Amino acid sequence: MKKTEYIKLIDTTKCTACRGCQVACKQWNEMPAMRTRNFGSYQNPPDLQWNTWTLIRFQEHVDKNGDFKWLFRKDGCMHCTEAACIKVCPSGALYHTEYGTVGINQKLCIGCKACISACPFDIPRFNQQTEKIYKCDLCYDRLKDGQQPACALSCPTGAITVGEREAMIDKAYGRLDQLEGKGIVYGDKFVGGTHVMYILSEDPAVYDKLPVKPRIPASVILWKNLFKPFTLIGMGAVAGMAALHYLIKGPHEVHENKEGDE
Amino acid sequence: MTNHYIDLKNSDVILIMGSNAAEHHPLAFKWIMRAKDAGARVIHVDPRYTRTSARCDYHVPIRSGTDIAFLGGMIKYIIEGNKFFRDYVVNYTNASFLVNPDFSFEDGLFSGYDAQKRSYNKETWTFQKDGNGIPLKDPTLKHPQCVFQLLKQHYSRYTLDKVSSITGVSKENLLKVYEEYSATGAPDKAGTECYALGWTHHTSGSQNIRTMSIIQLLLGNMGIAGGGINALRGEPNVQGSTDHCILYGNLPGYLKMPTASLATLEQYLTKNTPTSSDPQSANYYQNYPNFFVSWLKSLYGDAATPENGFGYSWLPKLEDGKHYSQLHLFDRMYEGAIKGLFAYGTDPAVSSPNTKKTRKALEKLDWLVCANIFDNETASFWFGPGVDPKQVKTEVFLLPAAATMEKEGSQSNSGRWVQWKYKAVTPPGDAISCGDIQIRMMDAIKALYAKEGGPSAEPILNLKWNYKDIDGNMDVLKVSKQINGYWEADVEVTENGAKKIMNKGGLVPTFGMLRSDGTTSCGNWIMSGSFGADGENKMARRGKEDPTGLGLYPNWSFVWPVNRRIIYNRASCDINGKPYNPKRNILEWKDGKWVGDVPDGPWPPMADKEKGKYPFIMKVDGVASLFGPAMAEGPFPEHYEPLEGPLAKNPLSSQLINPTIELFSSDLDQVANASDKFPYVCTTYSCTEHWCSGALTRWQAWLLEMQPELYVEISEELARELEIANGSKVKVSSARGEAACIAMVTKRFKPFTIEGRTVHQVGLPFNYGWLYPEDGSDSTNFLTPTVGDANTFCPEYKAFMVNVTRR
Amino acid sequence: MELTRRGFLKLSGAVGASSALGLNFKPVNAYAAELSKSNRIKSSKQYTTICAYCSCGCGLICSVDNLTGKIFNIEGDPENPINEGALCAKGAGFFDLTEANKHRLTKVRYRAPYSDKWEEKDWDWAFSRIARLVKDTRDKDFVTTNAQGRLVNRTESIAHLGSSNIDNEECWLISQSVRAMGLVYIDHQARV
Amino acid sequence: MSGKILNMVRVTDPIERIAHWLLAGSCLFCLFTGLGLMFRSWDFIPALLGGLYATKWMHIFSGVVFAFTLIYAFMMWKKDCAFEPDDAKWIAQGGGYLWKTNNLPPVYKYNAGQKLFFWFVVVFGVLIVLSGLVIWNPLVFPTAVARWSYALHALSALVIGSFFVVHLYLGTIGNPGTFQAMTTGWCSKAWCETHCPRWLAEREKDPSES
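Residue numbers (our numbering), protein chains in the order written: chain S, 1 to 262; chain Y, 263 to 1069; chain U, 1070 to 1261; chain C, 1262 to 1471.
Hints are not guaranteed to be accurate.
[Stated by the list, open to error] Which chain Y residues face chain S? A few, computed with CB under 8 Å, are given here:
1) Y311
2) Y546
3) T950
4) W964
5) A1005
6) V1007
7) R1010
For the record, the hints were derived by calculation from the structure and aren't laboratory data.
Just so we're clear, the structure is a prediction, and the values are computed from it rather than from any experiment.
All C-beta atoms, glycine included, are put in the ideal place defined by N, C-alpha and C.
Throw the hints in and build the complete structure from the sequences for me.
Following this line, the structure appears as structure tokens:
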């Protein structure tokens, strides 16, 4: 059942890092908090966690012109079209929803953690207690009801908006025009297009933990596109050859009489 | 706020100074970003680079406590560069008024200063008047004694070099801001200013705001869409609690608290009712007696009669010239003069300045009653750090209160929007609302006085206190209707030329109908009109119509006064009532009536010499004050250094600090100005994730997770000097105390060059306390001094001196 | 097309106690055997409230479960023109102010002089004890006339602080009653 | 002499057979559960085993059994499986399995094909165990290591799986009389003459060998 694809556009040039999204996400998804320490940054928790599906990353940056910038990036699942996590998920817990987003059905998850290392964006997180994987599902439940995801609803400045794919791509490039070229659209050019896109004010390489050219890891492609089918093909082929051998050459009989009785 | 949050979107230039809007008013920033998207320029002037700076067009760093110097330079730039809106300045301000020739200003002091009392005799701060008592004016603004010329002269000293040297702002940056902001002096441009505690938390707090008000008047930015001077206030109902005046100096609706010298109602009303001889001045406060007597009727009900002066004598009277603010309160408590304290929804053991003094003061109480939704450092002071419970005599009550969604009532935002909220659930356990607590406590006190009598039992016994429903709980509507006001007798009124009988017990539809003869009662005149005569609760309205397209939403909630969304809105039109900016038309005089927002009074615009009125109807002269004699420090704001600063001498005069601030002198009131021991300027603030003392937010795991403990932000330059690593443990100390915290070494702080030398500034949030989280450090206010603004007594949290060391 | 902020949380004109929205159960999704949160909201009672932090006055909607009578979700009110459903970190975490927060006070606590512990008390006891203390302190220290002999009728040894985070009606009741008690040391967070 | 009863020779002792079957069993079970984990279409496997989560843990446990047995087997067989120069000749002639050959060098205990199988099992067994350990706890390793471990695990499974099939064929119908070596441990003398003549000869020289 293919429906309209949705894209969440994160305009970092409008983000004030108020972190309403970070909390709204926890509120809606009923995720607890951890006791943290201040490690010399506003950013906290220090990274995504099983209970923190979206995190505002704070980064101090001096650009080429020597201008100081305080960069805020809302990190979280990018909802790839060519999703490595779905590719490696053995249970079907991770799946493409009708909106093109990557849904997660915790009931099916067996906690194998394959998705964690496969993800080019380092998004899924594992919970030791429940032995399940957690990540943003773009509020699938809300999307089904025609509602904005919790983060988008809570965003005060319109830095997070959600809409139909084409409209949001147009919007992203329209915003670039408004920014007079001082921005970069990130997300439409790789992994088949992500369902979360950024408008970045700086080059992607500047941002912490943001891959410049994300893709499904070569190891995953080898594994899933080559080794996996060849396991069956290989075993089948060998079995076939053995059968052929048996038919053509016959079994390797022992020469009973060579020695003879004593 | 003169305007309101949504109106920020209508601005062309937004100056954010004294505020960190993106962090502390994130939804205000929604509308600021809306303006920016529409092409507005957004400028942030602040000691530190914050999340606000990150989204502004640019950030200009300024040394804490030097805003008047910065803005004074802008006044000079506007006047000398002829950037002001002449029409507006001449007609709508007192720029043309001629000042008393004996008025003078010399070396930082205005005429009439009394060094002993640290205050002014203001008798020379007046206008020259003609035979009819109307102020003399020179509309050409050339008369050497006119306000405009005096203003020009006063700020001529605020040269770029001087201002740059005081503030630490480069001359390029000064000019950039001055030029960009003063461009809003064009009739079709709107400039607005957003300030918050960054301006009020200074010994020069009120004058910071007044300096900006002068700029806004010079540029014609008051009363217009996208203009005004907008206090982004910090607490959910601080507007409402201020309107209802849980304050020593005012009674609900900003009526004046009586003082000992005003023995009778007549004396009181004469003193507080302004008179104007100018027929074109509406002088709306001439209605003061109506408001005051109606309030007395709400206080004492039927016991307030014309014969007993409506119970005026029962009211407590302040001592003339004496103040009773939070600073004074804790000073007196520390002296042992205060025995009992009610502290509702507040945590002074963390939030009051000079924490050591505050906490010692609490130990001297006989009893303390706190009402909160969470425990806090004030209620639990008796087992705080360094306190031996066995030595503390105080009897403490910690009453469990209802949270906001557990009770029905109204709340006023900073834009004066009074919005209604509903009770979603009953409070947990035994918790009840603060209103219920107050009602039941007062019932118990009344019962005790009824039984035992006592000195001055009348005001307690006569207090009108019938606000319960049949179940004995607070009946919110009964209260809010009393605030709105009732007819206390059948009264005949004239409405739109027709005579009409208003029946006793009916709701008063507007404060214009309040009376001073005891036939109306009104708990707070500015809220009169929050109910329709038909009983409609206007605060609960949810109409989404926006006829002007400027975001006024006249049918959403109720806005005081009389649903006026932008106050002084008549000033958005020229003297004929035509809008200065037709593109942002909030009000227009058309076919003999005002169309648009609710106007500041129904009268025609001032060009009509017969019936027309000046636009600033609450001012006695009908115009806005460039010359403001009401201020304690003088009619023109002047730069003084903070109580504690890096300089031994004020570069502008020999008056180092504000000459009118009150200096406290207990053994715990230590001050260290320009001291080697405390070489760094320090400022304090909140963060998005916590709120005020953190007494609500520290208990919330989601918020605590994001900002878990106290930190001090220091520049990379200072960190290098002190060999402090990012994330390491440090100690910040002042003459009064110290705070242990984590160092956040950042590029967002930069050293300043002040008077030719490098001055470092650091900053800490004030959201932490010892009670919870256990390892999140204690109050930042151990560092801050007990000193406040001379007019408002807002403590100087934003500029004082500290040292930073590793620990 | 962008997803708009107004959807199923749209409130009818009359809000408050009678604002329960219809029972609009959609067929349960194949993946979720139990009721999804969105569906739970549609079958709950909705109440609007106003945020209790800064002074923006953002609207929120509390969803109350019909069975438990408890709030289970609080999010921004998309109809409120000020915030249009948006909330900052504190507002978005409003749910943590409800009784779901285990730190909420639920009993009257009393600490006797020189005691090192809290005791739990009931309201009647607390009010009568507080009334006693107020009356004793007021009667002892009441200032009828000042040094100049002028009538001042004030109580200088009792002070009131707060609050700017309670409703207008509560503020007004406090403002009225502290004047009746003759208090002059009256202040709240307007300054701090 | 027991070795000569009924013309039968005892080619394996019980420990060897237990090791072999533990190795084979855990390997087969890993293969079985592994296929169930890898191919969603083979969901009858997890269905049979009580769900995918249980299958995961069974895979892990049998992998652990495989790992320990592998170590033991390696220690036990490594000497007999050391390559000799003659092995090259044997391989050059395809062990006589593919075309007619006459001059196969006499085999000691194991022929070169068996040795190759052993070493493949050892090498890929080690790889599959190590990569399996990484996959079991991918979060304690660098991402690149974890990522390549999945690929390596799959590759090793492919190799071991395929060899398993060959082994199965040659150990059963491909070489009649072989299967008993891992059941009773007794093979016919003739069988030994064919498959391990040098070993048999040495054995017969030294009667102390049981």
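Here is how each hint holds up against the structure:
Proximity of Y311 (chain Y) to chain S holds as hinted, the smallest CB-CB distance being about 7 Å (cut-off 8 Å). With its C-beta approaching chain S no nearer than about 37 Å, Y546 (chain Y) sits outside the 8 Å limit, and its interface hint is violated. For the restraint placing T950 (chain Y) at the interface with chain S, the shortest Cβ-Cβ distance is roughly 5 Å, inside the 8 Å limit, so the hint holds. The beta carbon of W964 (chain Y) is positioned within 8 Å of a beta carbon in chain S (closest approach about 5 Å), and the interface hint is therefore held.
Look at A1005 (chain Y): its Cβ gets to within about 7 Å of chain S, closer than 8 Å, so that hint holds up. Satisfaction of the interface hint for V1007 (chain Y) is found here, the shortest Cβ-Cβ separation to chain S being roughly 7 Å, below the 8 Å cut-off. Proximity of R1010 (chain Y) to chain S holds as hinted, the smallest CB-CB distance being about 7 Å (cut-off 8 Å).
Checked against the numbered hints above, the structure violates only hint 2.
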